[in-house]
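*Asks:* Let the sequences and hints guide you as you build the complete structure.
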Amino acid sequence: MKNLRLIAFLDLKESIRAKWFLVYSLVFGGLIALFFIAGVTESQVMGFSGLSRLLLMYIQITIIILPIFILITTVRSISGDRDSHVLEYMLSFPISLKEYYWGKVIGRFITVYLPVIFAMIIAIIYGAFKGAEIPWAIFFLYTGLLFALSSAFLGIAFFISSFVKSSEVALGIAFFIWIFLLAFIDIALISLMMQQRFNEDLIIGIALMNPMEIFRVAAISLFDPELTVMGPVAFYILDTISQTLFVLLSIVYPVIVGLIFSFLGFKIFAKKDLV
Amino acid sequence: MIEVKNLTKKFGSTVSLDDVSIKFNRDDAIALMGANGAGKTTLIRSILGYYHPDGGSVLVRGLDPIRERQEVLKHIAFVPQLPPPIKLSIDELIQYIEVSAEVKRETILHYANEMKLDIETNIKKSFFKLSGGMKQKLLIAIALSQESEIIIFDEPTANLDPKARDDFYRLLDGKGEDRVLLFVTHRLEEVESLVNREVYMDLGRVVSDERI
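In order, the protein sequence lines correspond to chains A and B.
Numbering-wise (the numbering used here), the first sequence opens with residue 1 and increments by one.
Numbering-wise (the numbering used here), the second sequence opens with residue 1001 and increments by one.
Just so you know, these hints were derived from the structure itself, not from any lab.
Fair warning: there could be bad hints in the mix.
As the list claims (entries may be wrong) - Here are some, though not all, of the chain B residues that point toward chain A, as calculated from beta-carbon distances under 8 angstroms: (1) 1045; (2) 1048; (3) 1050; (4) 1052; (5) 1074; (6) 1078; (7) 1082; (8) 1084; (9) 1092; (10) 1097; (11) 1099; (12) 1100; (13) 1101; (14) 1200.
What the hints assert, rightly or not - With a straight-line cut-off of 25 angstroms between C-alpha atoms, the simulated DSS-like cross-links for lysine-lysine are: (15) A:267 <-> B:1010; (16) B:1104 <-> A:19; (17) A:13 <-> A:2; (18) A:271 <-> B:1005; (19) B:1124 <-> A:19; (20) A:272 <-> A:98; (21) B:1125 <-> A:13; (22) A:2 <-> B:1087; (23) B:1124 <-> A:98; (24) B:1010 <-> A:2.
All C-beta atoms, glycine included, are put in the ideal place defined by N, C-alpha and C.
*Replies:* And the structure:
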């Protein structure tokens, strides 16, 4: 246990010093600052106003950039150490593979999750200071959703990192997974739907297996289902499943996906040659 | 203390270790030699439990280094040929070793001092930002401070200047008692005074094993 804490702590410290972490924090913090400067909280479009509108815009952008940031920065975690012979040296000390792997997972999770949450907290504090009404329900939902999305992609990234030997290949796979989940799967499902080869329940079921899709729908689930901005699929889902159940599913499912991939990654890491 | 029995390790179609059997006992100070690709590093990595063998077995103090890696590695110290680009600061690296290998910080500082390495002024510096010689000195200091029964040095003096080499030899003098010292080297003359056994490998096999 002390080794697990040590590895998580050292990985966290090492990541915080890295340049990517600075860029990562600046992107999310900068987004919030940009929204305030642009006067997003003072505007009202399609029924959204104040901090709700700001948080909604923040989460819509986060859907796109958070997964790729997590994948690119994490996928090299183990494969990079293997590449540079750091793993060979660090594992020459009496540390179990379990402690090493899960310590890295915990350390990296804190690193990727904290900046996105801090950016939202800053928005809430600044909004309160400006006298805006605070949408607590949305804030807590987004905190949970970001936790779930971070878990899912961190698990996928560690899974890739555990079997790939070079970090270039790891980056290539990470990019492919991101673009596939972000766009290709939707395009494929839409074309299937248009051809009416499968019924819509099956297609929407497949779409919801994508953690990015479930995040996207859950992020707008607290708003009025009649809003046109939701789109037909989100409307269909929220009309079919109760809102509470869907919110619960959208948090629990990605966490389970993340845990399954992390666990598979560990199994591969422990079964394969280490260097 | 180390028993390698019919060990075979393949990487794709390349046979890196071909049915190797060898024993390293207490009081052995071995120079492990051979051309590039002879299988020296693969043998060491198998002893450290990094590789899953395709055939045969490795036992360290009667234990499997893969299944019982923590217990086995408590008794092994390792100095790699090239210091890896560890991004931790020296302070953090020492903390890692203090906790994982239960080595006292003072002991590491003592050996670093003996290697004429000024740790205190560089303590917050990243390990990878040190010069090649400084990194190697620190890794040697760490290995010696572990007081392990088995110490494996992979070309330990490659980055050291003549003075640092002398310090290294002086510190190792008398360390071979009741231990296994394993030096991977291309130049026998560098460790000749420290070893009592020479092992040559070629094409994944042990081709000669002589006591001096």
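*Asks:* Work down the list of hints and note, for each, if the structure agrees.
*Replies:* Hints, one by one, checked against the model:
Annotation: interface hint on residue 1045 of chain B holds; nearest CB of chain A at approximately 6 angstroms, less than 8 angstroms. Annotation: residue 1048 of chain B was flagged as interfacial toward chain A, and the flag holds, the nearest CB pair being 6 angstroms apart, inside 8 angstroms. Taking 8 angstroms as the C-beta cut-off, the interface hint given for residue 1050 of chain B holds, the closest approach to chain A being about 4 angstroms. Restraint check, residue 1052 of chain B versus chain A: the minimum CB separation of about 6 angstroms is within 8 angstroms; hint holds.
Annotation: residue 1074 of chain B was flagged as interfacial toward chain A, and the flag holds, the nearest CB pair being 5 angstroms apart, inside 8 angstroms. With a least beta-carbon distance of about 4 angstroms to chain A, the hint placing residue 1078 of chain B at the interface is held under the 8 angstroms criterion. For residue 1082 of chain B, the interface hint holds, since its Cβ comes within 8 angstroms of a Cβ in chain A; the closest pair sits about 7 angstroms apart. Annotation: residue 1084 of chain B was flagged as interfacial toward chain A, and the flag holds, the nearest CB pair being 4 angstroms apart, inside 8 angstroms.
The closest approach between the C-beta of residue 1092 of chain B and any C-beta of chain A is roughly 6 angstroms, which is under the 8 angstroms cut-off, so the hint is satisfied. At a threshold of 8 angstroms, the smallest CB-CB gap from residue 1097 of chain B to chain A is about 6 angstroms, leaving the interface hint in force. Hint status for residue 1099 of chain B: holds, given a least beta-carbon distance of 5 angstroms to chain A, under 8 angstroms. A hinted interface residue such as residue 1100 of chain B counts as satisfied when its beta carbon comes closer than 8 angstroms to some beta carbon of chain A; here the least separation is about 4 angstroms, so the hint holds.
Restraint check, residue 1101 of chain B versus chain A: the minimum CB separation of about 5 angstroms is within 8 angstroms; hint holds. Because the closest C-beta pair between residue 1200 of chain B and chain A is about 24 angstroms apart, greater than 8 angstroms, the hint is violated. Pair hint residue 267 of chain A plus residue 1010 of chain B holds up; C-alpha atoms about 21 angstroms apart against a cutoff of 25 angstroms. For the hint linking residue 1104 of chain B to residue 19 of chain A, the alpha-carbon distance of about 32 angstroms lies beyond 25 angstroms, and the restraint is violated.
For the suggested pair residue 13 of chain A and residue 2 of chain A, the alpha carbons sit about 16 angstroms apart, so the restraint of at most 25 angstroms is met. For the proposed pair residue 271 of chain A and residue 1005 of chain B, the alpha carbon gap of about 21 angstroms is at most 25 angstroms, so the pair holds. With a C-alpha separation of about 18 angstroms, the suggested pairing of residue 1124 of chain B with residue 19 of chain A holds against the 25 angstroms cut-off. A hinted pair counts as satisfied when its Cα atoms are at most 25 angstroms apart, and residue 272 of chain A with residue 98 of chain A qualifies at roughly 14 angstroms.
For the suggested pair residue 1125 of chain B and residue 13 of chain A, the alpha carbons sit about 13 angstroms apart, so the restraint of at most 25 angstroms is met. Between residue 2 of chain A and residue 1087 of chain B, the direct Cα distance comes to roughly 21 angstroms. Compliance with the 25 angstroms bound is thereby established for this hinted pair. Using a Cα cut-off of 25 angstroms, the hinted pair residue 1124 of chain B and residue 98 of chain A is violated, with the two alpha carbons roughly 29 angstroms apart. Between residue 1010 of chain B and residue 2 of chain A the alpha-carbon distance is near 36 angstroms, which puts this suggested pair outside the 25 angstroms criterion.
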